[in-house]
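Chains as they are written, first to last, in our numbering: chain A, 1 to 281; chain B, 1 to 276; chain C, 1 to 299.
These aren't lab readings, by the way, just hints derived from the structure by calculation.
All values derive from a computational prediction rather than experimental measurement.
Just so it is clear, CB atoms sit at the ideal spot from N, CA and C, and this is done for glycine as well.
Accuracy of the hints is not assured; some may be wrong.
Derived pair list, reagent style EDC-like, types lysine to aspartate or glutamate, alpha-carbon separation capped at 16 Å [to be verified]:
| id | chain 1 | residue 1 | chain 2 | residue 2 |
| --- | --- | --- | --- | --- |
| 1 | A | 112 | A | 50 |
| 2 | A | 139 | B | 45 |
| 3 | A | 101 | B | 163 |
| 4 | C | 94 | B | 48 |
| 5 | B | 244 | A | 36 |
| 6 | B | 167 | B | 124 |
| 7 | A | 101 | A | 50 |
| 8 | B | 83 | C | 134 |
| 9 | B | 2 | C | 134 |
| 10 | A | 101 | B | 161 |
| 11 | A | 139 | B | 48 |
| 12 | B | 71 | C | 152 |
Not the full set, but computed from the structure, chain C residues with beta-carbon under 10 Å of chain B [claimed, not checked]:
| id | residue |
| --- | --- |
| 13 | 26 |
| 14 | 125 |
| 15 | 128 |
| 16 | 134 |
| 17 | 156 |
| 18 | 159 |
| 19 | 166 |
| 20 | 219 |
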Amino acid sequence: MASPLDIDRRWIFLAMGLVVVVMYALGETETIPVSEYVQSYFDEIESLPEGSIVMLSADFDPASAAEIEPMYIATIHHLLRHNLRVINVATWPAAPPFTQKYFSEIAPQYGKVYGVDWVELGYTPGDDVAMGLIGQSLKSTYSTDDRNHSPLRDIPLLADVSDSFRGISLLVSASAGYPGILEWIAQVGGRYQVPVICGTTAVQTTALFAYYPNQLKGFLGAFTGATQYLQLVGEATEAVHEERDEDQRRMLVQSWSHLLIIGLIAFGNVAYFLGRRRATR
Amino acid sequence: MKREIPIFLTVLCGLLITISFFAPTSNPTAIPPVPASPWQAVNAELLEWAKILFAVAFILGIANLFRINLKQIATRHEDWAYKAVLLVSMTAFLVIGLAEIHVKDLPPSVLRLLVPARTITFVDGSSVEGYLVERTQVTATYRTGAGLEPRAFLLTEIANDTEPTFKLWIYNKFFVPLQSTMFSLLAFYVASAAFRAFRARSIEATLLLVAGCIVMLGQVPIGDELTGGYASRAQAFLMTYVTKAGLRAIIIGATLGGLATGLRIVLGIERSYLSE
Amino acid sequence: MDVSSGATWVEAITRWLNERALDLGPWVATNKLPTLVAILAFGAIMFFQQRRARRGEKIEIRRINGLDALDEAIGRATEMGRPVLYVPGTDEIKEIQTIYSMMILRHVARKAAEFGTPIIVPVKNSVVLAFAEEAVKQGCADAGRPDAFIPDNVRYLSDEQFAYCAGIAGIMNREKPAANVMMGMFFAESLILAETGYGTGAIQLAGTARYEQLPFFVAACDYTIMGEEYFAVTAYLTREPGLVGTIRASDITKVLAAALFIVGVWLATVAAMDAATISDSSHPGTAAELFALYQRLFG
Chain A
1 MASPLDIDRR
11 WIFLAMGLVV
21 VVMYALGETE
31 TIPVSEYVQS
41 YFDEIESLPE
51 GSIVMLSADF
61 DPASAAEIEP
71 MYIATIHHLL
81 RHNLRVINVA
91 TWPAAPPFTQ
101 KYFSEIAPQY
111 GKVYGVDWVE
121 LGYTPGDDVA
131 MGLIGQSLKS
141 TYSTDDRNHS
151 PLRDIPLLAD
161 VSDSFRGISL
171 LVSASAGYPG
181 ILEWIAQVGG
191 RYQVPVICGT
201 TAVQTTALFA
211 YYPNQLKGFL
221 GAFTGATQYL
231 QLVGEATEAV
241 HEERDEDQRR
251 MLVQSWSHLL
261 IIGLIAFGNV
271 AYFLGRRRAT
281 R
Chain B
1 MKREIPIFLT
11 VLCGLLITIS
21 FFAPTSNPTA
31 IPPVPASPWQ
41 AVNAELLEWA
51 KILFAVAFIL
61 GIANLFRINL
71 KQIATRHEDW
81 AYKAVLLVSM
91 TAFLVIGLAE
101 IHVKDLPPSV
111 LRLLVPARTI
121 TFVDGSSVEG
131 YLVERTQVTA
141 TYRTGAGLEP
151 RAFLLTEIAN
161 DTEPTFKLWI
171 YNKFFVPLQS
181 TMFSLLAFYV
191 ASAAFRAFRA
201 RSIEATLLLV
211 AGCIVMLGQV
221 PIGDELTGGY
231 ASRAQAFLMT
241 YVTKAGLRAI
251 IIGATLGGLA
261 TGLRIVLGIE
271 RSYLSE
Chain C
1 MDVSSGATWV
11 EAITRWLNER
21 ALDLGPWVAT
31 NKLPTLVAIL
41 AFGAIMFFQQ
51 RRARRGEKIE
61 IRRINGLDAL
71 DEAIGRATEM
81 GRPVLYVPGT
91 DEIKEIQTIY
101 SMMILRHVAR
111 KAAEFGTPII
121 VPVKNSVVLA
131 FAEEAVKQGC
141 ADAGRPDAFI
151 PDNVRYLSDE
161 QFAYCAGIAG
171 IMNREKPAAN
181 VMMGMFFAES
191 LILAETGYGT
201 GAIQLAGTAR
211 YEQLPFFVAA
221 CDYTIMGEEY
231 FAVTAYLTRE
241 PGLVGTIRAS
251 DITKVLAAAL
261 FIVGVWLATV
271 AAMDAATISD
281 SSHPGTAAEL
291 FALYQRLFG
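All chains, please: the whole structure from these sequences, using the hints.
Right under this line is the structure:
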């Protein structure tokens, strides 16, 4: 008789697919408690004086957008609502179409002017080498901005930024892997003593605990972190309520898919021990 | 000489980058102001060279792709049709991408063929098709008209400027769903790998299994509902103390290993990655 | 150093350090001085250990099961008449793990050539492609079988992470390699590759120092080389005394680092206990001063 452990793994795939679809269709929302790491991320932005310059780096692509997009959108809202000025860069080539879309939608809601309140510099190749160059001299790394192809000297916001990351008060990375937050910490955070925070995918989150709270001031770990952050931002920003509710709905999907995996592990172990007992007899 | 020159270059560049890492960076706001060390200029120059080399190396990859796939198409390999799709789509995207970068210089007939024009709508309601060349805080320069001559407009005259959508269309309709599909496979693979791998075969394996389940439960709201709030507290304890400590140990070990290897390569002791 | 006027020696050292704002000109930023000293010390230990090893002192390296299984995996592929797949990770050649992967690839290619088994190497980066071609060619030459090098088996697939991953999954499913060796820097694709490989029934070996991907490889592969083990691979395979010496140097440095951590933790604990018991806040106590000095030197 075939052991239950030899189950065709496509049954597991099917079960996972069903859980995701059914739970998403149920669509319930639920508020979740905010962790220390998420609160620190939020507080780090809140503590900046209005008018400070923040660099927001899009280190992700469409593959990870499902996880990163909600926290990225919430961060743009938070930064602009708090009247911070934003320099948007990207170290992943597929990120700029996303970031341009978000800024085009969100910035007008706060009456922000391109070039004065925010600027999009776009993608620069070279991974962590490019990060090193951005840290050393932003204006040598980029010759024009990404939206209008204007020379950087014509962009008022950048008049307050000089080499060695001077003038930039905070670095925020929306990081899905390499290059991402760990490279920003090494290339810029450590070198120029700039506070760094990030939002990241679930896979990367575990690695970040080792860097908190010194090299990394706060972080949003995957969906759970994004949902908690959206709750915090949502207290003062109605514009993110839809995104927050959507994320809270997705938490229900995540809850049940985690339960399914735990159930599978339990089932696998029971079958394993029963099989062993049978073999010993 | 085939080995000596690369080793010499490795040692030289490695030492220069190391020296510039330790050199002071400029700080005009410090009292007294700290000027940038000349080594920073060396660093910037080397990084610039690295960027150029990476870009040039793409040609190697493209040549390899063409060589292997053309051969398979020519010999009617069973997957030859896919290889043809790969080469055609790669070439098409490359040509369109290059054309978009050189909007300023391309002859009108070629530009019209390869790049969809923008629609510029003016405040008086009229509209014109053209290609954006440059935009400043006051004006925007487009190539418009039959001969696509550059013409500057005041930004106050322009009501709307619709971007061409072809590249974005490919991006949104092909690239985004394909990438998302690959990434979402992880959810399924995590389930099947966990089912196979998490067995309480030994004390260590049992600890791993229990810790894994606690973290999974603590990560989601239902975990706390089922355990009366204990799951998230246990998860926080595991992540903050146990995982953090273990990870730091692994990071320190791996970093020292990496550092030793880096030193061996930079000092020319490790050479086995070079051919003889 | 002024230890007069009732100052403790710790205070005197701190004052002495404060008075001498080290000006090392354009060479070393003062805040990077501790890092420089640590690297120089590490370099010195490495140099010394290498000399000892070259003089003939025997240094043992514990068994790394994953590497011992390499021959078994290639042998199995040979028996089944199927190729070996070697994935060198998804990073560029500037990454130390990728350079290391090229060294391991040379060894795997040598073994495969000895067994007469083809080796397929899909790469994600054009520069890595050139290195991988050289490594395989060299491995075949090392085995005395330069004719075993098949240029079309070292393939550039795509610089795009998931296109590369899909390409490898395609190779696994179509060409059915009997052994999948994955060595280098991996990201989200690690589990997709390992699970696809499991699905095709291949024996799987993985090695990476990218710690967040380790659990996936451990779960889905037969053997995993993890963390710093990965950097011991060439020393383990070649037993070259110079390389083995550097492994011991890393171990000695780790012991020193651990000793420093223990001192730091002890000082921080005593300082915190003192702060709770000493009522006079104007005088922080010797442990607190020592801890401040420790942070100044190593922080």
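Now the hints, each set against the structure:
1. 112/A to 50/A: 14 Å, holds
2. 139/A to 45/B: The hint holds at about 14 Å.
3. 101/A to 163/B: 12 Å, holds
4. 94/C to 48/B: 14 Å, holds
5. 244/B to 36/A: At roughly 15 Å apart (the allowed maximum being 16 Å), residue 36/A and residue 244/B satisfy the hint.
6. 167/B to 124/B: Distance of about 30 Å is beyond 16 Å: violated.
7. 101/A to 50/A: Distance of about 24 Å is beyond 16 Å: violated.
8. 83/B to 134/C: 25 Å, violated
9. 2/B to 134/C: Holds - the C-alpha atoms of residue 134/C and residue 2/B are around 12 Å apart, at most 16 Å.
10. 101/A to 161/B: Since the Cα atoms of residue 101/A and residue 161/B sit roughly 15 Å apart, the hinted pair holds (cutoff 16 Å).
11. 139/A to 48/B: Satisfied, since the Cα-Cα distance of roughly 13 Å is no more than 16 Å.
12. 71/B to 152/C: Satisfied, since the Cα-Cα distance of roughly 9 Å is no more than 16 Å.
13. 26: 4 Å, holds
14. 125: 7 Å, holds
15. 128: Holds, about 9 Å.
16. 134: 5 Å, holds
17. 156: Hint holds; residue 156/C Cβ to chain B Cβ min 4 Å, cut 10 Å.
18. 159: Holds - the Cβ of residue 159/C comes within 10 Å of chain B, reaching about 7 Å at its closest.
19. 166: Check passed: Cβ of residue 166/C comes within 6 Å of chain B, closer than 10 Å.
20. 219: 4 Å, holds
The structure shown violates the earlier hints numbered 6, 7 and 8.
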